[in-house]
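Each protein sequence line maps, in turn, to chains A and B.
13 is the number of the first residue of the first sequence in my numbering; add one for each residue after it.
13 is the number of the first residue of the second sequence in my numbering; add one for each residue after it.
Bear in mind the hints are in silico, worked out from the structure with no lab data behind them.
For each residue, glycine too, the CB sits at the ideal point set by N, CA and C.
Among the hints, erroneous ones may be present.
Listed below are the simulated DSSO-like cross-link pairs for lysine-lysine, each with C-alpha atoms no more than 27 Å apart in a straight line [what the hints assert, rightly or not]:
id	chain 1	residue 1	chain 2	residue 2
1	A	Lys-252	B	Lys-309
2	A	Lys-252	B	Lys-307
3	B	Lys-307	B	Lys-216
4	B	Lys-139	A	Lys-139
5	A	Lys-22	B	Lys-139
6	A	Lys-309	B	Lys-309
7	A	Lys-42	A	Lys-16
Reference excerpt, derived from the structure (chain B facing chain A, CB under 8 Å, subset only) [what the hints assert, rightly or not]:
id	residue
8	Met-13
9	Tyr-17
10	Lys-22
11	Gly-26
12	Tyr-132
13	Val-224
14	Glu-228
15	Glu-251
16	Phe-325
Number of protein chains: 2
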Amino acid sequence: MQFKYLMPTKVFFGRGSVRENSSELASFGKKALIVTGGSSAKLSGALSDIAAALEGLGIEYSVFDKVENNPSPETVKAGGEAAKDIKADFIIGIGGGSPLDAAKGVAVLAVNDMDPMELYTNSFRNKPLPIVAVPTTAGTGSEVTPYSILTRNDLKTKMSFGNADTFPKVAFLDPAYTETMPFNVTANTAVDAFSHCLEGYLSKRSTPPSDVLAKEGISIFGSCLDALVRREIEGDTREKLLYMSMLGGFVISQTGTTVLHGMGYNLTYFKDVPHGKANGLLMAEYLKFNYPYAKEKTDNVLRLLGVETIDEFGGKLASILGEKPHITDEETEIFASITMKQRSTASNIRPVEASDIIKMMRNM
Amino acid sequence: MQFKYLMPTKVFFGRGSVRENSSELASFGKKALIVTGGSSAKLSGALSDIAAALEGLGIEYSVFDKVENNPSPETVKAGGEAAKDIKADFIIGIGGGSPLDAAKGVAVLAVNDMDPMELYTNSFRNKPLPIVAVPTTAGTGSEVTPYSILTRNDLKTKMSFGNADTFPKVAFLDPAYTETMPFNVTANTAVDAFSHCLEGYLSKRSTPPSDVLAKEGISIFGSCLDALVRREIEGDTREKLLYMSMLGGFVISQTGTTVLHGMGYNLTYFKDVPHGKANGLLMAEYLKFNYPYAKEKTDNVLRLLGVETIDEFGGKLASILGEKPHITDEETEIFASITMKQRSTASNIRPVEASDIIKMMRNM
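Construct all of the structure, not just a fragment, from the sequences and the given hints.
The following block contains the structure:
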């Protein structure tokens, strides 16, 4: 047994968690920059809760709400400038994965004069500003990971940076903030969170504690699967999905992701398929590909999900996620070549060649 | 679902973890005080590994090796003076629970002019020095908790302090360091670690993530139970016990302990029974007492341990732990009164009265 474990974010989970624990914000300083995408932060009530908390503590703040879906390094640079302009002491990311990931880049660039492309070196002269994360989707897990995933137009994909200093210091996880998500966003983000649990469990970098957390997340996704198939997100399903999303973040903070995320990024970059859906559409093929190298773990996954076969699970995912994009043979070759360059591909439990990726994408 | 989760310690688990990750020490400064009990640190090889790591990094160090079993606030005060004398930048605790707990107090007193009894206020003007923890037993979990448990002669018991700043920054968990423990220490400390998992699981303060970790620890203890009964600690049992101990620390960092720890302190303070053994001797009665309030959880515990009944488990514990101390009726009344004053007693899943404690102690 040989492993490293680190998950330093302080998590407050539950309804009203911002209001009840707002004093946590007091230690970070007197000026905050809120980084968000504009719509979900407002709609969910998260932005107004955070604003009220800051006002109650006498902390000044500005709002940078220009984060697009799948944010670019340029957006992060603009956020860094905004933080410098107000001399921010800390950064608060509110939203789905895009604003939370952008907030991490902003926290670095706020105190480092560097080109945003240098973020990928993971080496920052000055420690990033403290980051507070408030998710409004139950998927990314970014609230409890060090990772920030930005779009690399030069490489035509998404790629992550992050080190121990880009873990959020505090995360407020309130299931109420996820209630305004439409069904397709709920479904796509839930599958993303599940993908973190699944890929961490099937990673070469999996560890005993990450496996414990991953199995819990997989089991919780299993308990939500029928509700997702029925498109009836009721009762405690929202809080279960948010809890699973947190567990997925705990897991990939130890293990990173695998070839599934790398493949999925192509569908997002070139075909505009939402991130979680992209992973979900490829998931059955991914499980079949890995099966010879992870029979026991895959059988555990199916058991924890409450399904008999990979195909049964794939059928449920298909019904949850909707239609698949059309991909030409030429495109699969390009996608395979791009995926082979992702670091996470090397973590896959079964060694991956470009031809394997082509096969998985065609079979999908 | 409503919980807080915090476990910020960076853990390096595995054989050779100090050697392989010694660079982690570089960020804490140029002068270290090593706090230890003297014997296990040397015998286990942990002290020489840490010394070699510090020398390799050009970090000066002194050794304060005056920590007794169940350390007193006075010892911690002396350690704090030693740290001040050398202007230590950080504190390294090496040993069982006593040196690790003392190291936390030393880290606070090194930078705060306060009476050691004020440690229990958990309010420190200056942040404690960074703490590095290197356990040589598999029991305390102190390497991954904020808690420091010191002997309170005024209250005739042991009592804990600690806040988010007394979590060790880094913990090196090397099962090789635990191999020099004699069987009785292995057994007593293993039961202590299990007690953390068990009490966390049966605490009113238990949370979804603490329950996941607790169940894993309970299951691992179950897989070591027969080896402990046979007194044959071989193969990967050492590393399983150390991993369980880490999980127990993760758990009580969320939940704290319960009435079992509070009762056990009496046997340690008045009867000189080692801490883990003290909890273990009372464990079957504790499980029976709580059963009406935690049927499902207790049944889970028995299933994860691989035993049929509480009595079967109690029998195994008795054979592992050896003879019980003699306690008079008068003593049980005093012990009950002292235990009722422990904060952890209020966390017990079943409300506790003094008469309940008297009954459990008599039945033991």
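Outcome of the hint check:
Note on Lys-252 (chain A) and Lys-309 (chain B): the hinted pairing holds, with a Cα-Cα distance of about 20 Å set against a maximum of 27 Å. For the hint linking Lys-252 (chain A) to Lys-307 (chain B), the alpha-carbon distance of about 24 Å falls within 27 Å, and the restraint holds. Between the alpha carbons of Lys-307 (chain B) and Lys-216 (chain B) the distance comes to roughly 14 Å, so the proposed pair stays at or under 27 Å and holds. For the suggested pair Lys-139 (chain B) and Lys-139 (chain A), the alpha carbons sit about 19 Å apart, so the restraint of at most 27 Å is met.
The suggested pairing of Lys-22 (chain A) with Lys-139 (chain B) holds, with an alpha-carbon distance near 18 Å, which does not exceed 27 Å. Among the hinted pairs, Lys-309 (chain A) with Lys-309 (chain B) is consistent with the structure: their alpha-carbon atoms are about 26 Å apart, no more than 27 Å. With a C-alpha separation of about 35 Å, the suggested pairing of Lys-42 (chain A) with Lys-16 (chain A) is violated against the 27 Å cut-off. The beta carbon of Met-13 (chain B) comes within 5 Å of a beta carbon in chain A, closer than 8 Å, and the hint placing it at the interface holds.
Hint status for Tyr-17 (chain B) relative to chain A: holds, with the closest Cβ pair at about 4 Å, below 8 Å. Against a cut-off of 8 Å between C-beta atoms, the interface hint on Lys-22 (chain B) holds, since the closest Cβ of chain A lies about 5 Å away. For Gly-26 (chain B), the interface hint holds, the least distance from its beta-carbon to any beta-carbon of chain A being 3 Å, beneath 8 Å. Evaluation of the Tyr-132 (chain B) hint against chain A yields a violated restraint, the C-beta minimum of about 22 Å exceeding 8 Å.
A hinted interface residue such as Val-224 (chain B) counts as satisfied when its beta carbon comes closer than 8 Å to some beta carbon of chain A; here the least separation is about 5 Å, so the hint holds. This hint holds: Glu-228 (chain B) has a C-beta 5 Å from the nearest C-beta of chain A, less than the 8 Å allowed. Because the closest C-beta pair between Glu-251 (chain B) and chain A is about 5 Å apart, less than 8 Å, the hint holds. Checking Phe-325 (chain B) against chain A: minimum C-beta separation of about 23 Å lies over 8 Å; hint violated.
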